[in-house]
Every structure is written in C-alpha cells, then in structure tokens.
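For reference, the chains in residue letters:
2 protein chains.
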Amino acid sequence: MASQEIEALTGALARLPGLGPRSARRAVLHLVKKREGALIPLLSALQAVEERLATCSICGNVDTVDPCAICADPRRDARSLCVVEEVADLWALDRSRLFPGRFHVLGGRLSALEGVRPEDLTIDQLVRRIEADGIDEVVLAMNATLEGQTTAHYIAERLERYPVRLTQLAHGLPVGGELDYLDEGTLAQALRARRPVA
Amino acid sequence: MASQEIEALTGALARLPGLGPRSARRAVLHLVKKREGALIPLLSALQAVEERLATCSICGNVDTVDPCAICADPRRDARSLCVVEEVADLWALDRSRLFPGRFHVLGGRLSALEGVRPEDLTIDQLVRRIEADGIDEVVLAMNATLEGQTTAHYIAERLERYPVRLTQLAHGLPVGGELDYLDEGTLAQALRARRPVA
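These protein sequences, in sequence, are chains A and B.
Number 125 in UniProt numbering belongs to position 125 of the first sequence; there are no gaps in the numbering.
Number 64 in UniProt numbering belongs to position 64 of the second sequence; there are no gaps in the numbering.
Hints are supplied without guarantee of correctness; some may be wrong.
[Claimed, not checked] Short, incomplete list of chain B residues facing chain A, as computed with Cβ under 8 angstroms: (1) A8; (2) G18; (3) R25; (4) R35; (5) L42; (6) L43; (7) L53; (8) S57; (9) L93; (10) S96; (11) L98.
Hints were generated in silico from the structure; no laboratory data involved.
Think of the CB as a built atom: it goes at the ideal place given N, C-alpha and C, for glycine as much as any other residue.
Next up, chain A with everything else stripped away, as it sits in the complex (with noise of 0.2 angstroms):
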C-alpha cells in the first residue's frame, strides 16, 4: 500500500543478505524517519563506495582503491602471501587480524562439475606475484570441502619448483565443537593431524 518507491526501496534491501522482507521494512521505517540522521548517511556512503568500487589489480580484493588498503599498507609484510577462494574468504581472515601478510583472490575453485578450469582462476597471477615479489611463504587458506582441498593439491603442485615455504590451514575440531555432534570427516581429520600434549 505504500508508494512504489518505498517499496522498490523495501525490496533492495530485502534481497541483501540477513534481511528478510519484515527487517527490511523496518529498516526503510527507520531510514525514513531519520532522514538526516540514517537515510542521508546511507545514501551518501553507498554514492561513494559506488563510484570508486574497484578490483586490486593486484590481489583481487574489492576496495575503492586500487591497488587495495591492504596492498597498499606498508606495515604488512610483503613476503607473506595468503591465497583464498573469494573476496568474502579474505574480509573473514582480514577481520581477525591474524595474518600479517598480503592475500591472493583466486576468484573461485576448481571444478570439474561447473566447468571451472585453472585458466578460469588467478592462479597464473599468482604463479608470476611469487616470481617478480620475493614471495618467501604462502598460506593456502582454501574451503576444507572437496573442490577447496583440490584446488590447494593443484596449486601446491604448479608451485612445487619455487622456493617458497607452502603452508595450509589446520584442519580439526572448530573451537568449542562438541565430538558428538561433529561429523565424521572432520573427527578423522582432527585424529589424523593429532599432536602430542605440550
């Protein structure tokens, strides 16, 4: 019943994600309300990051700059590399602030049922950041399913020739994962990588 625009307004921000079409009603109820306090700040925010949204030509990364903020801060070390599937994967890996080093996106992973082949993937980019940056470690950081850890087989072997230390994350328990409820996979993964009691 309310006016197209408000609803056209309502349904963008239903189909984001973690919205659902009541949230977003009281988001835009909120939003119109606050014109100067919500609506304009959102407005303007999302103006500047729309005309500046760039891809790294570097790590891949989306940023409204380019090279990105994390390429370009000099405080991280540029030895480090961490090779992840999509963007989301190193905004995740960025917020803990656990790596102090540099990302590659790879854009995706292999697969032989979508049709995703190693040309399809940035793993030539990376092959040549390895060779031209003085790359000493690289971390695969891929998903722990099937295509993730094929992907990391395929890329530890393209890199085998370099001198690099090729690390991947840890696979086992996630922090505090009941064993009851886990599946099977990863109770044999944390089994097999068991390590002895400091």
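Go by the hints and put chain B onto chain A.
Okay, now just chain B, sitting in the frame of chain A:
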C-alpha cells in the same frame, strides 16, 4: 583494513535495526560483488525515496507522495478512521490488510513523564478531520501500554460529542499465547472481556 568508504558504508548499514556489524559486512560484500544487480538498484531506490520523502498532510504517514498512497486510494473507506501512535503502527496494521479505512498518526502518546501533552500530538487535526470529512467510525489502535491507554481515554473524551462509532482494539490472549507464559495483566483483560462460546 578496508578503505574508509567501505568502512563508512558498513557502519551506516550496521546502524539499521536488525543488522549488526557482522551482517552489515556480509551485506556490503554482497553489494560490492554485485554492483549491477544489488548496489546500483539499492542506490537508486534510496535516491528516489530521499528525493521525494514527504509526510502526508492528511494522516501523518510517511511516503513519497502527499497525500500518501493510502489517503489517495479511492477504494479505501473514507468514513472509517484508525488512529495510531506512530507511523510504524500504521504500517503494521496496513500490512495485515484487515482495515479497509484510512489512518491518523498521532505522532506519539501522552506522557507525563516525557512531558508529551495533547497539543504535542495531532489530536486537534483528528478532531478537524472528524468534523470535516463525515467520519462514521474511529478505531483507537493505541498500544496496550499505560500511556497508550491514557491517550485512548483522552481521545475518547474529546470525541464524545461527535456522532461517531468509537471502538478500540480488543485486548486478550495473543494468538498462540499460552496461559502459563502470559502476564497477569493480559490474563485479567482476557478474563474481564470473556465472551459466550459461539
């Protein structure tokens, strides 16, 4: 670690009701990855609303047209008026599609504590609408709070001398409500308003 613009957008989204920092970040990621499909539609929807945002001069609803879509709808019963405290209440009732008439937004509720007096609400405008528009029925749809009910009583007194059918929303058990979990006030209301079994 992301650029200032992306952080600003994340912050603006995180302040919407129903979104926190984590879901705002996921939403931003979705927006930057789907520039054409998500970012630009949301941006133009926001722009359209921002440009045309208006408070309905008849009922107080917020819309992009004045009179609002509800007041302008000829299929609505113009002789039946539902009085609510806030625009949010209007939207909630309108969403249910159960009320075929029009609305009147008070802009709040009487409150000694917060110093809200009758002249701070749109009660005079309500009286004028009743005088001018040939209203038959007024439904008082205030919240079931002390202040909401005080406001309803006050309005009922003000409208005493007009030939309108004055009703208010029924109080009682909410759908799915279990006696065991309901407060005494609700139980008392439900008992007091008990009805013969049909």
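These are the hints, each one checked on the structure:
1. A8: 5 angstroms, holds
2. G18: 4 angstroms, holds
3. R25: 7 angstroms, holds
4. R35: Since chain A brings a Cβ to about 6 angstroms from R35 (chain B), closer than 8 angstroms, the hint holds.
5. L42: 4 angstroms, holds
6. L43: 5 angstroms, holds
7. L53: Holds, about 6 angstroms.
8. S57: This interface hint is violated because 15 angstroms lies over the 8 angstroms limit.
9. L93: Violated. Min distance 10 angstroms.
10. S96: 11 angstroms, violated
11. L98: Hint on L98 (chain B): violated, closest Cβ of chain A at ~12 angstroms, above 8 angstroms.
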